[in-house]
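*Asks:* Now for the letters of each chain:
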Amino acid sequence: MLIALQNIGEHNNLFLAAVLLYLIAAVIALALTNQHKLCNLVTNSICMVAALIGITAAIIRLSTDAILAPVTILKSQIPFLLLEIKIDHLSAFFVLCLSVLALCVSIYSIGYNAHYYQKRNVGFFNFLYAAFIMSMLMVIISGNAIFFYLSWEAMSLISYFLVIFESEHEENRRAGRLYIIMTHLGTAFLLIGFMIMFAYTHSFDMFGSSELIPETAKNLMFTCFLIGFGTKAGVIPLHIWLPYAHPAAPSNVSALMSGFMIKTAIYGLIRFVLCYLQVEQLWWGAVILCIGVISAVLGVAYTLMEHNIKKLLAFCSVENIGIILIGLGVSFIAAAQNNDFLSSLALVATLLHTFNHALFKGGLFLGAGSLQYATHTKDIEKLGGLIHKMPVTAVLVLCFSLAISAIVPFNGFISEWLIYQALFLNINMGTAGLNILSILSIAALALSGALAAAAFVKLFGISFLGLPRSDHAAQAKEVPIVMNIGMGILAAFCLIIGIFPASFVKLADRVADSILGSSVAETLQPGFLSATVPLTVSGNSIAPGEVLIALTVVILVVLLMLRLFWGKYQARKYGTWDCGFESINARMQYTATGFSKPIRIVLSILYRPGRKVVIEEGESDYFPKSVKYKVWTESIFEKYLYSPVIRVLKSGSEKMIYLVQTGSVHVYLLYIFISILALMFYNRVV
Amino acid sequence: MSDMILFFIVQTGFVILAAPLVNGIIKKIKALTQKRTGAPLLQMYYDLFKLFKKTSVVSDVSSWIFRVTPYIVLATAVAAALIVPVTTLIKPVWNSGDVILLVYILALGRFFMMLAALDTGSTFGGMGASREAMISALIEPSIMVSLLTIGLIAKSTSVFEMMTFMQTVHNPLIHPVYLMIFFALVIIIMAETARIPVDDPSTHLELTMVHEAMLLEYSGRSLALMELGAAIKQLVFITLLVNLFLPHDQLLGISGITAIGISLLIYLGKVVATAVLIAIVEVSTVKLRLFSIPNLAALSFILSFIGFLQFFVFGG
Amino acid sequence: MTNYLDALSVLLLVSAFILMGNKRTGSYIKTFQFQSALVALLTGIIGINSFAEEGRVDVLIIGAIVVGIKVLFIPYLLKKTYAKVAYRVEKDFFLNIPLLIIICCFIVVFCYYVLSETAGINTGIINNQMVNSVSLILIGLFFMISRKKAIGQIVGFLVIENGIFVTALFAIQGMPFIVDIGILMDILVAVIIMGMMVFRIDEKFGSINVDKIKDLRG
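Protein chains in written order, with my numbering: chain B, 1 to 686; chain X, 1 to 316; chain G, 1 to 218.
Warning: the hint list may mix true and false statements.
Stated by the list, open to error - A short, non-exhaustive set of chain B residues, derived as facing chain G with CB atoms under 10 Å:
| hint | residue |
| --- | --- |
| 1 | A432 |
| 2 | G433 |
| 3 | I436 |
| 4 | S604 |
| 5 | I605 |
None of these hints come from the bench; they were simulated from the model. Backbone N, C-alpha and C fix where the C-beta goes; we use that ideal spot for every residue, glycine too.
Input sequences plus hints: build the corresponding full structure.
*Replies:* Below is the structure:
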């Protein structure tokens, strides 16, 4: 079938068709802005079709070896403005990732957007939604740095409007402001990087060669790209916009933002640093590895303290970006040492985790949307007992939680296992510093895995299990089936990748092979969809499928034997043990705050927790009217890094304003005069 | 084929049958040191048989998670037992897992156990789950670092390969690397199997219990499965310890079915010795305050990290 | 032989880490005693070796003296001193214990980093033991910094001395006899004087928190 599809025509046309369909969806959304239901249905359906085309195109591109000629969309008289798309395996892989996510989110949105009917401008929302997907797609498939930059800006701006879509809340506007400032800071660094690129090569061709660029300039470019892309990816300490922007946006948009938009930064790092600059310096990889470790551990540590479900998930994205960067760092280090196999392996792990994270984080944000849809709250302290009210959503969220905690047999484990293997192979006799860094990364990865498990036990346990903690939770109803279908496809993907890893590893391997010229798939054993084929990396192998079979067999045997020897399972319903007092009520349960307290105390250095007890005196000391207990944690980066910088900037500019802006026209003219003279002088000297 | 049957019988049947015995020995030794006669060695078997017959009492707040958890816990423990060979003389046919998978498959059981504890809405359950989350998070880095350090020396992450390699090491316990990893692993075992000084298995006092608090709502058949799962997990960790650091298969110098038998007997002897050792540690130390456990975990991490440094950085 | 020495050097390092993790003055003294016993064992092994190979007995004698002074007498002295002072548990640290232990870890790595480039000791197995023993000295110093009570300073000082002694043993199989004896006597006198100082501090400030000495500034 694939070959048949191949013959239809240039694959690039398929990609163009997808872009065009998103554009059509956006326009139709604006046209149908008065008929909410119809508009929603039509736009999302077109997006689904576009996503399906994207998936097909990406798979075809990944299975062919030919290097395709660029397709020029637009040439113009404006210098450098050349809109062309170029798709290699790397782009195709990311298109696949985006399209799978967009497909599921669009299905979900048909149901989810219903709560906007007659309340908000659904047409405008869907316009932004389709345009957002289109801009992300263009970032991935753009063929030169200028087009990349334009798409990048478009993506940032559209996502800004989506973040402030529910702009009547002050906190959403603040989140949007923070987001736009941070993202432009990053974009500025990118622009500097591109300018250095142009200064030496006289071309914005990012598929070209970087041989003309001297080493110092390369180092400078790397730093610019790291800061620029790092801001978008939300690495610590540039992460501060993330926990505000993701909760502010509507849930289906957060799923796209967290699931894919932050990954465009990973794409950028691979495209510009690994492919274009060709890693030569060891310290590039080491720096990325360090940033990855810090982001992974601190990200998950902050995840554990959040009770706002979307904020929690946003911090968790920081953690996963950290894990992805650990993989990327190893890949860079190995590339600098010309160890192609290890570099490929680490890149495969990175790409696979990128894909996996898009699946389960997208799914979790959709799950958060379902919870909000059903209970109208984002605070998990107000939920509880939802597994009885929303059984399907509960199962799906449980799947995603297991996957993100890297637990067998889900996909998160596969990519983390590959990263462990990459780190394992990175340790050799003789390179002391790298060895220490690698073993610490292993420790950090283990720590973040366990803390993530704790965080998601908290998320699932508090919101779905136990007794409902508020009326909203008690009266919740299962969400429309469309929403569950959208999430269900993602969950199915999580499980399939977890059980049949070899096929997906091979997909990522095509990319690594085309970039680094070394394939890890050769060490995999043959067999495409066989569950019992172990995933083998230099002698070490796992077969999650077999493990799953073993687990099932054990359970069945145990059930059978118990039935045969000891008879039928008998159970009697009774209340939870209440120590002989009155029956347990919802307020006696453990809260999310209580659940994370031991870790809050142990890692108090990260959180700087504070608490306050306010007692309102009653008639007697023994019967106070009310006791209020408040506990909070500080975000150290905001307090100790950003606030001082902002303070200094503010006081500095307050002083400067009267020195520069004197109010006299003559002085202003003088400024212009001096600038012109300086420019002329510069021209003469250089 | 016969290899395969032998492997599965030894790895599952043998381990499942032997696991409750370890608890029996520990309890017996503890009783003897306190000048009590104590329960018979096989008491846990009697308990299990009785519990299997009994009706479970299930909280009406709970959901299906509460009911499936005992099976998942038992199944993950058995799957973990399949990864850790009790003797290196039987070639593992089921080579589907390595140490990383071992850690994460036990995490699956733990994940569900914590959820089940929260499922009933009981305060005890929440408390146990929250403490377990902390302890497991703190101990995880040292498990990974210590086991992978041995893996690095043996150049494989497979447990079987690691054990085979350790057979060739002459007297590992005076080697600086293995000595450190050994101590780290002892602390890890104490934490993972809910033993004093980390957790007290015989208490039902809310201030001290961690593992028991999570099982508090369980009764009848479900409780038996949970207890059995915990016992198997304990035996898996003990197996890991004795087979890595007290290798004996090479010393036999023979092969064949008799060799396997002798090897298993020696293995049992070592397990019993370890059980006695654990009992002695349990009676001679006190349970640590919950917030002193990080110090112990830090110590365990440092031990494994120093072990790593000795070999891979200083070049041992 | 080298295997035993390696194992002992690592155990010495671990004893320093255990010391860092201790909270009670009683366990400070016990850990120090344990560490000194390891030092004595090490001296014994090297002593037997040098006796068997070169017929020297001085290292063995020093080993015996170490047992006498560091394993038995100084711990006894410290215990006696501290029985009279009411403060048994160190409650407040400048940094919490896991963090201190992690910093110690960095000290070890740092020692490796510094020593790996030093000429002369970079050949073969000696490197391993040197790193461990030099780390012992620095951890002893860091222990003195990290503890507020005066006992921390005394024990830290003793650990530093142990470290120097062990470094000498590893590097050149023991210093000349007379130097070792001199150092051991110095230690003894220093501990006695410090013990007396602790009484004075306790009397004067009603606490043995060394922080309080800051109050002496005018």
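*Asks:* What are the numbers of the hints that this structure violates, sorted from low to high?
*Replies:* none
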